[in-house]
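These protein sequence lines map, in sequence, to chains F and V.
Residue numbers for the first sequence follow the numbering used here, so the first one is 1 and each next one is one higher.
Residue numbers for the second sequence follow the numbering used here, so the first one is 1 and each next one is one higher.
Everything labelled a hint here was simulated from the structure, so no lab data went into it.
Note that this is a predicted model, so its numbers are computed, not measured.
Don't take every hint at face value.
[Said to hold, decoys possible] Derived DEER-like restraints, expressed as beta-carbon distance ranges:
(1) V:Gln-43 to F:Phe-12: 55 to 63 Å
(2) V:Leu-67 to F:Arg-109: 42 to 50 Å
(3) F:Phe-12 to V:Ile-278: 35 to 43 Å
[Claimed, not checked] Keeping only pairs whose Cα atoms sit at most 25 Å apart, straight-line, the calculated BS3-like set for lysine-lysine is:
(4) F:Lys-103 to F:Lys-125
(5) F:Lys-125 to V:Lys-232
(6) F:Lys-177 to F:Lys-28
(7) V:Lys-298 to F:Lys-125
(8) V:Lys-232 to F:Lys-103
(9) V:Lys-205 to F:Lys-28
(10) V:Lys-205 to V:Lys-298
[What the hints assert, rightly or not] Take a look, some chain F residues computed to stay more than 10 Å from chain V by CB distance:
(11) Leu-60
(12) Arg-106
(13) Gly-132
Ideal Cβ placement from N, Cα and C applies to all residues, glycine included.
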Amino acid sequence: MPVVLEHLGKRFGDGAPVLDDVNATIAKGEFVALLGASGCGKSTLLNILAGLEEPTSGALEVPADGAAFMFQDSALFPWLTARGNIELALQLAEKNSGKRSSKAERNARATELLELVHLGGAGDKRPHELSGGMRQRVALARSLAQDRQLLLMDEPFAALDAITRDLLHDELERIWKETGRTIVFVTHNVREAVRLGQRVLLLSSRPGRVVAEWDVTEEHRTDAGQAGELTATITRRLREEIRRHAN
Amino acid sequence: MPTEQDVRPVTDPNFASGHITSPVLKGNPEDLRDLEAGLDKLQSDVQRKAGIDWSRVLLPIAALVVLILVWQFYVSLGLKRRDQVPGPLDVLGQMGVLWSEGKVQESVWTSLQRGLLGFLISVVIATPVGLLLAQAAPLRRAFGPLISGLQVLPSVAWVPASIIWFGLSDATVYFVVFMGAIPSIINGLISGVDQIPPQFRSVGKVLGASRLQMALQIILPAALPGYIGGLKQGWAFSWRSLMAAEIIATGGTIGFGLGSLLDQGRLLSDMAIVMSAILLILAVGILIELLVFGPIEKRLLQRRGLLAGGTR
Numbered sequence: 001m002p003v004v005l006e007h008l009g010k011r012f013g014d015g016a017p018v019l020d021d022v023n024a025t026i027a028k029g030e031f032v033a034l035l036g037a038s039g040c041g042k043s044t045l046l047n048i049l050a051g052l053e054e055p056t057s058g059a060l061e062v063p064a065d066g067a068a069f070m071f072q073d074s075a076l077f078p079w080l081t082a083r084g085n086i087e088l089a090l091q092l093a094e095k096n097s098g099k100r101s102s103k104a105e106r107n108a109r110a111t112e113l114l115e116l117v118h119l120g121g122a123g124d125k126r127p128h129e130l131s132g133g134m135r136q137r138v139a140l141a142r143s144l145a146q147d148r149q150l151l152l153m154d155e156p157f158a159a160l161d162a163i164t165r166d167l168l169h170d171e172l173e174r175i176w177k178e179t180g181r182t183i184v185f186v187t188h189n190v191r192e193a194v195r196l197g198q199r200v201l202l203l204s205s206r207p208g209r210v211v212a213e214w215d216v217t218e219e220h221r222t223d224a225g226q227a228g229e230l231t232a233t234i235t236r237r238l239r240e241e242i243r244r245h246a247n
Numbered sequence: 001m002p003t004e005q006d007v008r009p010v011t012d013p014n015f016a017s018g019h020i021t022s023p024v025l026k027g028n029p030e031d032l033r034d035l036e037a038g039l040d041k042l043q044s045d046v047q048r049k050a051g052i053d054w055s056r057v058l059l060p061i062a063a064l065v066v067l068i069l070v071w072q073f074y075v076s077l078g079l080k081r082r083d084q085v086p087g088p089l090d091v092l093g094q095m096g097v098l099w100s101e102g103k104v105q106e107s108v109w110t111s112l113q114r115g116l117l118g119f120l121i122s123v124v125i126a127t128p129v130g131l132l133l134a135q136a137a138p139l140r141r142a143f144g145p146l147i148s149g150l151q152v153l154p155s156v157a158w159v160p161a162s163i164i165w166f167g168l169s170d171a172t173v174y175f176v177v178f179m180g181a182i183p184s185i186i187n188g189l190i191s192g193v194d195q196i197p198p199q200f201r202s203v204g205k206v207l208g209a210s211r212l213q214m215a216l217q218i219i220l221p222a223a224l225p226g227y228i229g230g231l232k233q234g235w236a237f238s239w240r241s242l243m244a245a246e247i248i249a250t251g252g253t254i255g256f257g258l259g260s261l262l263d264q265g266r267l268l269s270d271m272a273i274v275m276s277a278i279l280l281i282l283a284v285g286i287l288i289e290l291l292v293f294g295p296i297e298k299r300l301l302q303r304r305g306l307l308a309g310g311t312r
């Protein structure tokens with residue numbers, strides 16, 4: 001089990017808890033969609049998993065080598081080319097694992113990763129010369145360069161147009177199958193959660209807590225009708241959660 | 001924990017149609033790749049290659065010509081004595097005399113050498129100090145106000161102290177240059193670091209950067225635009241401080257720089273020499289900006305996509 005959360009809680013200062021009693025187990029190689037309304041602490045939970053923030057209570061088990069992280073905006077370094085961004089990730093990743101590779105090896109590995117996200121020809125471009133979708137693909141390649149089993153994704157496709165997002169869904173699914181990563185994918189979009197996840201976890205708002213979960217089976221993937229019904233169910237449950245805060 | 005495992009689908013009137021989920025794109029992988037390649041082409045920047053932009057060369061020259069004509073016109077009105085306000089041709093003539101005496105070459109070379117050496121040493125000292133102050137909160141709180149104060153303090157104020165400590169030697173000149181340039185570069189670097197989007201640090205942390213790697217491979221390049229701004233200002237402070245020091249501290253083992261030339265002009269009450277020296281000091285400043293900082297800054301902004309819409 002790469003990720004186990006037990007009674008995890010988080011509060012900032014004396015404020016109300018952002019996360020409270022979060023329990024979840026994520027198996028190796030699993031693709032889990034973490035769904036919740038805006039402001040429910042999804043990103044906080046992800047930051048805790050990534051080690052960017054500390055939980056205030058409860059226990060947390062994550063892989064010892066940490067996690068790769070993909071942000072909502074690509075967060076590529078503007079002073080480096082697409083290739084340079086990936087090579088920097090490779091260089092920083094290996095200092096930790098004790099491996100040492102030559103510049104040529106890193107260059108070859110970066111080429112492979114660029115090919116994997118279908119950006120073989122754009123390696124020498126700088127982030128500002130790329131479209132939003134291309135930047136997110138470079139960011140995906142960079143997070144794969146970290147070579148961690150666990151990949152955390154914080155609404156990575158939220159700012160993209162519909163066609164690009166559909167394409168990236170297909171691409172992410174393909175890459176997940178090719179690389180066998182464990183993926184925790186945060187989103188507020190029910191359709192995206194059903195489209196990508198094997199399992200959808202619904203996080204309530206204030207405090208954030210896992211209140212429901214659904215398995216997305218193979219039938220859901222092949223049968224649009226079933227997928228639609230599941231989406232409707234989850235949407236209704238999500239709306240219920242949000243409505244609770246109306247009064 | 002209230003968990004609904006695999007809830008049975010229920011039909012909802014609002015979601016009756018079966019086309020709710022985002023579609024798994026149909027088509028063979030080839031088609032998808034074409035679609036993706038098409039989007040990539042449509043959405044990324046078209047490379048534009050501009051030739052030499054003549055307006056960059058001609059406009060400054062035109063402005064210079066206009067200024068000289070205005071100057072000549074004013075002089076030819078004869079409102080002031082010619083020895084108090086010499087015309088462009090008088091100054092040019094004086095410059096020629098100074099050149100033939102070798103004074104122009106000597107003074108420009110001496111000052112430029114000192115200015116650049118002093119500036120480079122300042123950069124070497126100020127960069128690690130600036131990074132350290134920007135990264136370590138207690139140090140910044142302790143020394144930040146002092147550094148800001150030193151930047152505001154006119155460095156010419158150090159000339160008397162420096163003469164008492166080091167006498168009329170090159171050390172005096174360099175000390176004044178350091179006191180002018182170092183705080184300025186430190187402040188530039190700190191403000192550059194302050195403007196880094198916090199996300200870059202998060203990315204660095206997630207990527208597993210050590211403290212040193214974070215400073216050298218993420219913070220420093222991210223702060224580069226502010227740092228270059230600080231360097232530019234640092235150079236300006238070096239050059240000004242140097243001139244101040246050279247005007248005040250003359251003689252001894254101090255060589256003959258542009259400030260010394262200016263002071264000599266004052267002693268001889270020769271306005272043509274004074275104006276020649278001022279114009280030379282100005283020319284060095286303009287040349288350094290045009291040949292060194294201008295191109296560096298432009299390239300930096302261009303590579304980060306910050307140039308579009310600007311007037312550079």
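Cross-check of the supplied hints:
{"no.": "1", "hint": "V:Gln-43 to F:Phe-12: 55 to 63 Å", "verdict": "violated (38 Å)"}
{"no.": "2", "hint": "V:Leu-67 to F:Arg-109: 42 to 50 Å", "verdict": "violated (58 Å)"}
{"no.": "3", "hint": "F:Phe-12 to V:Ile-278: 35 to 43 Å", "verdict": "violated (59 Å)"}
{"no.": "4", "hint": "F:Lys-103 to F:Lys-125", "verdict": "holds (19 Å)"}
{"no.": "5", "hint": "F:Lys-125 to V:Lys-232", "verdict": "violated (28 Å)"}
{"no.": "6", "hint": "F:Lys-177 to F:Lys-28", "verdict": "holds (13 Å)"}
{"no.": "7", "hint": "V:Lys-298 to F:Lys-125", "verdict": "holds (18 Å)"}
{"no.": "8", "hint": "V:Lys-232 to F:Lys-103", "verdict": "violated (34 Å)"}
{"no.": "9", "hint": "V:Lys-205 to F:Lys-28", "verdict": "holds (24 Å)"}
{"no.": "10", "hint": "V:Lys-205 to V:Lys-298", "verdict": "violated (30 Å)"}
{"no.": "11", "hint": "Leu-60", "verdict": "holds (16 Å)"}
{"no.": "12", "hint": "Arg-106", "verdict": "holds (14 Å)"}
{"no.": "13", "hint": "Gly-132", "verdict": "violated (8 Å)"}
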